[in-house]
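Construct the entire structure; sequences and hints are all you get.
Just so you know, the protein sequences line up as chains A and B, in that order. Going by our numbering, the first sequence opens with residue 45, and the numbers climb by one from there. Going by our numbering, the second sequence opens with residue 2, and the numbers climb by one from there.
The reader is advised that the hints may include incorrect statements.
Computed Cβ-Cβ distance ranges for the label pairs, DEER-style [as the list claims (entries may be wrong)]:
no.	chain 1	residue 1	chain 2	residue 2	range
1	B	198	A	87	30 to 36 Å
2	B	106	A	266	53 to 59 Å
3	B	365	A	222	47 to 53 Å
4	B	84	A	137	41 to 47 Å
5	B	365	A	104	32 to 38 Å
6	B	198	A	140	24 to 30 Å
7	B	84	A	87	56 to 62 Å
8	A	87	B	268	52 to 58 Å
Stretches of chain B that chain A covers, calculated by requiring three or more beta carbons in the stretch to come under 8 Å of a beta carbon on chain A [claimed, not checked]:
no.	stretch
9	70-81
10	175-181
If you are wondering where the hints come from, they were derived from the structure by calculation, not from laboratory data. For every residue, glycine included, the Cβ atom is placed at its ideal position computed from N, Cα and C.
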Amino acid sequence: MSLLFWGTATAAPPEDAAAIVKRAIDYWRDVSSYSVIDMTIHRPDWERTMTIRIWTRGQKESLVRVVAPPKDAGNATLLLDNDMWSFTPKINRVIKIPSSMMNQSWMGSDFSNNDLAKADDLIEQYTHKLLRTGTHDGRKVYVIDSTPKETAPVVWGHEVIAIRDDWLILEHAFYDQQNVLVKKLVTSDIRPMGGKLVAARERMQKLDKPGEWTEVVTREVRFNIPIAAGTFTLSNLRNPRE
Amino acid sequence: MNRLPLLIRMAWRNLWRHPPRTLLILFAFVLGVWSIVVLAAYGRGALEQQIERSIDNLTAHVQIHATGYRDDPVIDHRLPPPGPALRTALAQADVTAWAARVRVPAVVASERESAGIVLVGIEPARERGLSFIAEAVHAGRYLDADDDPGLLLGRKLAERLETGLGRRVVVMSQDANNQIADRGFRVVGIFDGSPEAMETGYVFIGRATAQQMLKLGDSVSELAVLASSRDRLDGLVMRLRAASPESDVQPWTTLEPLLVLAEELSGTILTIWYLIVFTAMSFGLVNTLLMAVFERIREFGLFQALGMPPRLILGMVLAESVILLALALTVGNLLAGATLLSLKGGIDLSAFAEGLEMFGFSPIIYPMITAADFVTANVLVFVLGVVACLYPAWRAARYAPVQAITRI
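Right, dumping it as structure tokens:
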């Protein structure tokens, strides 16, 4: 993020940090969306890329389906609120991801199942505070510190999110409770897609493992589109109809 | 019968004809008796500790569950809170303590790691004196109330999760509606447990907090009951079954069959050990007495020629063995007693702690001798010893006087 220049801390920022975060999440999810992404999982001795199609509606419904490579094609994940199901064509079974597996890696990537299922907890389970503002490409950037509430099911000590004033999330850093940075999501390659500006490249990096990261590149995205009624159902998870 | 003192006097003198030989066999017997008693005390102590600890580690004496919970300890198998009938049954004098618990499988996660555990929702005040947890918190504090928002984490688990006192962890499980239930908890206390599986396998929160998190209403998973004695629980179990006919009331012997097995196994091993030690000793004893008999053949012939009946010769040899055994048992028991007294502080086996942990033994074993073990060992050695000596005595008694005297 060399383009990012942090400004000096502003005294008593007038902006409502919670509202900014909500706007950013709403902008990211939109009313509904359909996207095709390439997810690259990089490890020191191997790297692989999967092509994935994603449908979302509102904050609570998502369907994720792998289309390439052939080895993984057909693997799918359905998210309804906090519940998560996975379908594997090789065993032709739908499995409800139990709570015990929510912290595990999603399809071997640096994202956990929780990262997918709980992305919008950010609105309800945190208190937000504007740390400072900066600029990026000539636009204002809000740097917001989000601390999970006492009983929030979140392990992080706090998270620092950089949101541009056109509601693009530029950076999302996860700190542990000792205030040590654990992992960081950085977005780049901002360009218009599907009728609005999108950060087409997101990279999740764990700080203690520099050689390991997962990068998501958006190839195609459409927002605010009608989505067939039966998309977010278990039967569609098992028998794709799109 | 006034011949008995004479027989004993002769037997005593005969014994000390060859002091080294007698002392040697005496030493062998003392060693044997000592090893039997000390080993019995050691085995009994280890076993007793294992049972007491298991009872302390949440087992208690009697547990009440919903039917099916023991086969599949999930949230679906739950109990209503104890009703008036059950409360009356639990209020009797033979119940020292009881508490309700929520107990479900769950996952605890920190920033870096997560681990599968059993989540136990406890009533902190009632749990005092019932299980180990109230006394086990070594850093931070114990839970204050049923709805305490804090969580108690085992020392080893805290290390594994790379978290600690005052930090937050997330607990995930399944709620009563089969939805994922998750909640953040602040670690308010770190507890020690033994074996280590108690530290890594259990996480404690307040009962009401657990019920709220898991949408249980006022249902619980188990009632744990501590009786005044862990033996003869039948009456209590029957009474609780009658008071709560729809649930599954079981004593610890059913809940922990492995412990009962260990108890039986250790009894069998001790008996086998007694027999091995005794067999080795008895060969020495029989040999010694046979030697003593053989070198006195002429003497026995003379006794008989002078009119001593064979049964008295038999009696005299037996008296020698009885004196020998009595001496050995006295000295052996005294030595064993002294040894056990000196080991009162426990036998420290910390060097092998890891291996012992695996079998549920604690690294420090406090030997314990019961009257039954003591009497068994002594009676066994004495009776079998006398039986073994029948052979040399019988040999001594059946020499024909003429042949015995003329034998060179």
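Subject >> Violated constraints from the hint list, given by number and in increasing order >> reply: Hint check: 2, 3, 5, 9 fail, others pass.
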